[in-house]
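Note that the numbering used here has the sequence shown beginning at 1, numbered continuously upward.
A few of these clues could be false.
[As the list claims (entries may be wrong)] With beta-carbon atoms standing in for the labels, derived distance ranges: (1) V152 / Q70: 40 to 46 Å; (2) A73 / E159: 26 to 32 Å; (3) E44 / N19: 23 to 29 Å; (4) A171 / D89: 22 to 28 Å; (5) T15 / E172: 34 to 40 Å; (6) N19 / S86: 42 to 48 Å; (7) S151 / S86: 21 to 27 Å; (8) F21 / G61: 43 to 49 Å; (9) D31 / S138: 48 to 54 Å; (10) I112 / R22: 47 to 53 Å; (11) K206 / K78: 18 to 24 Å.
By construction, these hints were calculated from the structure, which means they are not laboratory data.
Predicted model, so just to flag it, every value in this text is computed and none were measured.
Positions of the beta carbon are idealized from the N, C-alpha and C atoms, including for glycine.
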Amino acid sequence: MPDNHNLKIDITRSTETSNSFRAQSVRSDYDYPHQKVQEHFTGEINIPQHWNIGVIVGSSGSGKTTIANQLFANAQIKLPEFNGKSVIDDMPKDSSINEIEQMFNHLGFSSIPSWLKPYRVLSNGEQMRTQLAYTILSSGEGPVIFDEFTSVVDRQVAENLSMSLAKTVRAENMQFIAVSCHNDICNWLEPDWVYDTDLQSMIDPKRSSVRPEHSQSNGADATHGETLAAITI
């Protein structure tokens, strides 16, 4: 993390599109000759000197994951396959049983029978708590990112999970960054900073949950083999 905590966003992502028969048919049907997609993300994230929870929020395709991966590359925790006979066995090898049990309980995952089940049979909420437990137990000194935060759980579960997580992160004095398309999490996480990729700016964490849902995407004309579209945030 830079000392000044002002993170400049200037990211260009370029993707070659398919040249298959079906892709060529679509281009022909819609008179759309472009074969290269280029997206440009710009902005600035101003992070306070002392913080525990940050949020990057915005609609799908607005650059949340791209920005998170670029600016916080060292904060990524690679999740395992979770294919053990129980989720207890899936936790980091250097974590003690006591640490695992405490983390599960802190995150509202308090069903001992579920701890002893394999990951694949757990509910969506239990699976997400398992992922969060692994992420936090694996974290080091710096910030840690969790992408698609609460994306696959209902909003009641999301509320309970967010409040449990926020309490745990602050108790451990961690730095946790939630990346999500759901701005309601700001009500429950009470983050120290929020960057909105739809609004292209930092927003007041206390008001971030009341903004309307929308996205901004600006198409750009292009010649064959050049830019298909440009998205600036």
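Each hint tested on the structure:
no. : hint                   : verdict
1   : V152 / Q70: 40 to 46 Å : violated (24 Å)
2   : A73 / E159: 26 to 32 Å : holds (30 Å)
3   : E44 / N19: 23 to 29 Å  : violated (37 Å)
4   : A171 / D89: 22 to 28 Å : holds (26 Å)
5   : T15 / E172: 34 to 40 Å : holds (38 Å)
6   : N19 / S86: 42 to 48 Å  : holds (47 Å)
7   : S151 / S86: 21 to 27 Å : holds (25 Å)
8   : F21 / G61: 43 to 49 Å  : violated (26 Å)
9   : D31 / S138: 48 to 54 Å : holds (50 Å)
10  : I112 / R22: 47 to 53 Å : holds (51 Å)
11  : K206 / K78: 18 to 24 Å : violated (34 Å)
Checked against the numbered hints above, the structure breaks hints 1, 3, 8 and 11 and satisfies the rest.
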